[in-house]
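Engineer: These are the residues of each chain, in order.
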Amino acid sequence: MSTIQLSGSTNLEEKSFEFCIDIDSNKSVSIIGPNGAGKSTFLRVIGGHQPLRNGSLMINDVLMDAPTDRIFIPPHRRPVVLQHQNGGVFPHLSVQDNIAFPFRSRKCSKRKARTHISDILEEFDLKTIQTRFPDSLSGGQRSRVALARSVASNPDFLLLDEPCASLDVEATAEMHQLLRSLKTTLLIATHDPVETMKLTDFIIAVDQGEIIQQGSIEELTSNPATPWITKFLDLNLVSGKAVGYGVQLSDGGHLNLSKKHFGPVQISFPSSAIAVHTDQPTGSPRNRWEATVTSLNTDGDLVRIGLNGPFFSRATITNTSFKELGIELGSHCWASIKATELMVLPSMDPDKK
Amino acid sequence: MTTSKNFRGILRLNAFLAVFSFLSLSCGLSQNSLHVMAASSLTEAFEEIAEEFKKETQVEISLTIAGSASLASQIEDGAKVDVVALADEETMKRINETRRVEQGSLKIFATNYLVLATPLENPESIESLQDLKGSISAICAPQVPCGKLSLKLAIQENIDLNPSSLEPNVRSVRTKIELGEVDAGLIYITDINEKINHIIIDRSEQITTNYPIASIHGGKIESTDFIEFVLSPAGQKILEKYRFGAPS
Amino acid sequence: MTAKISKSIPPLLWVGAFIASIFLIMPFIGLSQRTPWSTFFQTVTEEAVFQSITLSLVVATSATAICFLLGLPLGWVLARSHVKGLKVIRAIVLLPMVLPPVAGGTALLFALGRKGFIGEKLDSWFGLTLPFTTAGAIIAATFVSLPFFVLAIETAASQLDPHFEESSLSLGAGPTRTFFTASLPMIKPAIFAGIALSWARALGEFGATITFAGDNPERTRTLPLQLFVALETNPERAMVLGMLMVIISLSVLVALRGKWIAAQ
Numbered sequence: 000m001s002t003i004q005l006s007g008s009t010n011l012e013e014k015s016f017e018f019c020i021d022i023d024s025n026k027s028v029s030i031i032g033p034n035g036a037g038k039s040t041f042l043r044v045i046g047g048h049q050p051l052r053n054g055s056l057m058i059n060d061v062l063m064d065a066p067t068d069r070i071f072i073p074p075h076r077r078p079v080v081l082q083h084q085n086g087g088v089f090p091h092l093s094v095q096d097n098i099a100f101p102f103r104s105r106k107c108s109k110r111k112a113r114t115h116i117s118d119i120l121e122e123f124d125l126k127t128i129q130t131r132f133p134d135s136l137s138g139g140q141r142s143r144v145a146l147a148r149s150v151a152s153n154p155d156f157l158l159l160d161e162p163c164a165s166l167d168v169e170a171t172a173e174m175h176q177l178l179r180s181l182k183t184t185l186l187i188a189t190h191d192p193v194e195t196m197k198l199t200d201f202i203i204a205v206d207q208g209e210i211i212q213q214g215s216i217e218e219l220t221s222n223p224a225t226p227w228i229t230k231f232l233d234l235n236l237v238s239g240k241a242v243g244y245g246v247q248l249s250d251g252g253h254l255n256l257s258k259k260h261f262g263p264v265q266i267s268f269p270s271s272a273i274a275v276h277t278d279q280p281t282g283s284p285r286n287r288w289e290a291t292v293t294s295l296n297t298d299g300d301l302v303r304i305g306l307n308g309p310f311f312s313r314a315t316i317t318n319t320s321f322k323e324l325g326i327e328l329g330s331h332c333w334a335s336i337k338a339t340e341l342m343v344l345p346s347m348d349p350d351k352k
Numbered sequence: 000m001t002t003s004k005n006f007r008g009i010l011r012l013n014a015f016l017a018v019f020s021f022l023s024l025s026c027g028l029s030q031n032s033l034h035v036m037a038a039s040s041l042t043e044a045f046e047e048i049a050e051e052f053k054k055e056t057q058v059e060i061s062l063t064i065a066g067s068a069s070l071a072s073q074i075e076d077g078a079k080v081d082v083v084a085l086a087d088e089e090t091m092k093r094i095n096e097t098r099r100v101e102q103g104s105l106k107i108f109a110t111n112y113l114v115l116a117t118p119l120e121n122p123e124s125i126e127s128l129q130d131l132k133g134s135i136s137a138i139c140a141p142q143v144p145c146g147k148l149s150l151k152l153a154i155q156e157n158i159d160l161n162p163s164s165l166e167p168n169v170r171s172v173r174t175k176i177e178l179g180e181v182d183a184g185l186i187y188i189t190d191i192n193e194k195i196n197h198i199i200i201d202r203s204e205q206i207t208t209n210y211p212i213a214s215i216h217g218g219k220i221e222s223t224d225f226i227e228f229v230l231s232p233a234g235q236k237i238l239e240k241y242r243f244g245a246p247s
Numbered sequence: 000m001t002a003k004i005s006k007s008i009p010p011l012l013w014v015g016a017f018i019a020s021i022f023l024i025m026p027f028i029g030l031s032q033r034t035p036w037s038t039f040f041q042t043v044t045e046e047a048v049f050q051s052i053t054l055s056l057v058v059a060t061s062a063t064a065i066c067f068l069l070g071l072p073l074g075w076v077l078a079r080s081h082v083k084g085l086k087v088i089r090a091i092v093l094l095p096m097v098l099p100p101v102a103g104g105t106a107l108l109f110a111l112g113r114k115g116f117i118g119e120k121l122d123s124w125f126g127l128t129l130p131f132t133t134a135g136a137i138i139a140a141t142f143v144s145l146p147f148f149v150l151a152i153e154t155a156a157s158q159l160d161p162h163f164e165e166s167s168l169s170l171g172a173g174p175t176r177t178f179f180t181a182s183l184p185m186i187k188p189a190i191f192a193g194i195a196l197s198w199a200r201a202l203g204e205f206g207a208t209i210t211f212a213g214d215n216p217e218r219t220r221t222l223p224l225q226l227f228v229a230l231e232t233n234p235e236r237a238m239v240l241g242m243l244m245v246i247i248s249l250s251v252l253v254a255l256r257g258k259w260i261a262a263q
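Chains as they are written, first to last, in numbering that gives the first Met the number 0: chain X, 0 to 352; chain S, 0 to 247; chain Y, 0 to 263.
Just so you know, these hints were derived from the structure itself, not from any lab. One should not assume that every hint holds.
[What the hints assert, rightly or not] Here are the simulated distance ranges between beta carbons: (1) Y:250 to S:58: 24 to 34 Å; (2) Y:25 to S:54: 37 to 47 Å; (3) Y:90 to S:42: 31 to 41 Å; (4) X:10 to Y:86: 19 to 29 Å.
[As the list claims (entries may be wrong)] With a straight-line cut-off of 16 Å between C-alpha atoms, the simulated EDC-like cross-links for lysine to aspartate or glutamate are: (5) Y:114 to S:120; (6) S:147 to S:88; (7) Y:114 to S:177; (8) X:230 to X:300; (9) S:147 to S:204; (10) Y:114 to S:123; (11) S:219 to S:101; (12) X:182 to X:118; (13) S:194 to S:120.
[As the list claims (entries may be wrong)] Residues from chain S that keep clear of chain Y, each with C-beta distances beyond 12 Å, as calculated: (14) 118; (15) 155; (16) 165; (17) 174; (18) 198.
The structure displayed is predicted, hence computed values, not measured ones. For glycine and all other residues, C-beta sits at the position ideal for the given N, C-alpha and C.
Okay, chain X solo, but in the shape it has when bound (with noise of 0.2 Å):
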């Protein structure tokens, strides 16, 4: 098992960070956070872009950054890759020799290296584009030559700074399944609540450059530390095949679409669509179901219903609705919403084909 410890603190343009954490690598990480909070700059701590200022980073027990001992071991020695946004593929390098870049830079046997990389090229389909050069390609491919790099440098932690936010939501999709099959240990930088819930289970949240709250999903949507959070988690997520305007979910039930949809998807809604209700709704809402409240968390004028039904949601309703329903933790009740608050988005997962 791969570890990170970090705890230390460094300054970037007269701001300062300051980041105390232990990840192994076990769990997908994500870090969140308002823009400017520090995301990029905890991977670039880790990654060797940002040297600390005090305190000191230890990657599988050895130390990495440590100022007071005069110790940085420099980003090309560490057994992590940091990928940026826009990928960072060379644009003078054809597909095949950007991914033999990392075995080129380790200085692999020739032939070693021409196997892994045509094995890497069939994992992430670039076989029938591998002499094509980045400037030709679209923004898709693009990443996935990225990822295919890094993913050949056989790193213990991949970095990933927002690695969908460039593209449309098409790529998107494609790059959440290819990650999803990856065994390296992801930690992700990313301001899409989506991708936190379908690659990661467990959360780094930083804000104005500290670690604010860290946990699992359940975690920090039970109990979030600040307003900030609590938004960014406020959405649930489905998958399920689609058929028109119906679609069956894989975890059991049926959702009605205001669109035509075909094929795998996935859905999110907000939680505060989610209306409650102590009988079977009668009206417009054109999806509902029965449910149990498995949790319930009250901030401020809001109360947070976990709800247990066909698949588990989360619904969020004011403080004087839930006063008027009356229900408590194991109640029986009713949910509903309508088929415009459902956003619809095409998954690639293949197990869901």
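Following the hints, position chains S and Y against chain X.
Structural biologist: Just chains S and Y now, with coordinates in the frame of chain X:
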């Protein structure tokens, strides 16, 4: 809107400046002034003569100083000029072929000859032309009068000069000597100064260059006055001060 | 497409651009009109002229090679280092671009001439003198053309997205390897532009050469010096030489600029 206004303003200003500077340049020679072109070796002497001439006649002299060959090229190309004073007769003949020189005005007003010059410390102990062999030396390029004179001298003395550099004018030969970049060089007696050491070459004074002066056809009437002034005792006294020889 | 682009340019700029182009092109039209084309080839192959052409090519190419070897590191350091005092260096580096070349040549004499503070040592220790030698002409040409190369590299290096280099480092390539396999290939267009500019500048170098290296028909009389001599003795030859320089420089600029655009 503001930017485009500013921009237009700048453009107008530019156009104005361009036209203005053009006009001021082309009209730089006021109607009252006499335009005189003189060879580089005459620089100081002619500056003083111009000053004295103005005191006497109130006529302003506008002086252009350059190598004789450059002056000839400029005049051939139609430069505006009233009087021309050169460092050799050959170049004057060249001018006469393309632009007419007022034949009556053509006079020899001074003579000059070459001396051997070395840096003050004279590192190669050069005492005569014979010592130039194997040393680093500079002379004027053959296209300028002092270069022609140097070659004439070399033939008379039967010496292979083999210079390291052919300088575009006599002043740059002197500079190279002053800086110690060359061990020796040939310069006019009129160009010697206290920063260099000079050696009179025995028979050099026999090979002189004549400085001709003439007015160019179509020049101002005051041209004659200026030429007369250069030839007058007052003008000759100034030339003598700068070690020019009197015309024979 | 063209019409669209034209529309977005204020008419006043068109006028300015037109005048500027005419101003730049005019002298070359004048030159080509006066060039005695019938004797062009004959003049170019005259021994003295041919020697100057060869010497010019040797001097310009050597100077460009030195510019590449020295200008690349300097341009890179200027773009990337934050060491104090670099601002002063940057200003000094650009001096030869704005200084009259004659002043540059004089300055070179004071440093590398026989009595110059370095030249004196070169002379007494190694018996090396630079003035009046081809090496001196190369140094004069390098002096005036180096800033063009440095500037090209500096601009490109400071505009290069640092993410590429960080990616290379992150993928296991050390700083040296990163420089040669990632950074350098990515500024290739700028390197070509720098080579074109400094070569053309070195080819046209006159003032610093005649001041520092003198005019020696065999060793330092490059094309511009030959042109200068011809101007006073043989105007026809001068026109041919002038035209020849226009043709050589123009073809180098066009060829390398073409390559530069292609590389982008």
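Engineer: Look at each hint and say if it fits the structure.
Structural biologist: Structure-based check of each hint:
1. Checking the proposed 24 to 34 Å range against residue 250 of chain Y and residue 58 of chain S shows it is violated: the Cβ atoms sit about 52 Å from each other.
2. At roughly 43 Å, the beta carbons of residue 25 of chain Y and residue 54 of chain S sit within the given window of 37 to 47 Å.
3. In this structure, residue 90 of chain Y and residue 42 of chain S meet the distance hint of 31 to 41 Å, their C-beta atoms being roughly 35 Å apart.
4. At roughly 23 Å, the beta carbons of residue 10 of chain X and residue 86 of chain Y sit within the given window of 19 to 29 Å.
5. With a C-alpha separation of about 12 Å, the suggested pairing of residue 114 of chain Y with residue 120 of chain S holds against the 16 Å cut-off.
6. Between residue 147 of chain S and residue 88 of chain S the CA atoms are separated by roughly 11 Å; this keeps the pair inside 16 Å, and the hint holds.
7. A threshold of 16 Å between alpha carbons decides the hint, and for residue 114 of chain Y with residue 177 of chain S the separation of about 10 Å falls inside it, so the pair holds.
8. Proposed proximity of residue 230 of chain X and residue 300 of chain X is supported: the alpha carbons are some 14 Å apart, at most 16 Å.
9. Restraint check for residue 147 of chain S and residue 204 of chain S: the C-alpha separation of about 15 Å stays at or below 16 Å, so the hint holds.
10. For the given pair, residue 114 of chain Y sits about 14 Å from residue 123 of chain S by alpha-carbon distance, which is consistent with the 16 Å threshold.
11. With a CA separation close to 12 Å, the supplied pair residue 219 of chain S and residue 101 of chain S stays within the 16 Å bound.
12. Pair hint residue 182 of chain X plus residue 118 of chain X holds up; C-alpha atoms about 15 Å apart against a cutoff of 16 Å.
13. The suggested pairing of residue 194 of chain S with residue 120 of chain S holds, with an alpha-carbon distance near 10 Å, which does not exceed 16 Å.
14. Not every C-beta of chain Y lies more than 12 Å from that of residue 118 of chain S, the closest at about 8 Å, which undercuts listing it as non-interface.
15. No beta-carbon of chain Y is positioned within 12 Å of the beta-carbon of residue 155 of chain S; the least distance is around 23 Å.
16. Non-interface status of residue 165 of chain S relative to chain Y is broken: a Cβ of that chain comes within 12 Å, the nearest being about 5 Å off.
17. For residue 174 of chain S, the shortest C-beta to C-beta distance to chain Y comes to about 9 Å, within the 12 Å cut-off, and the non-interface label is violated.
18. No Cβ of chain Y approaches the Cβ of residue 198 of chain S within 12 Å, the least distance being about 20 Å, so the stated non-interface status holds.
The structure does not agree with the numbered hints 1, 14, 16 and 17 stated previously, though it agrees with the rest.
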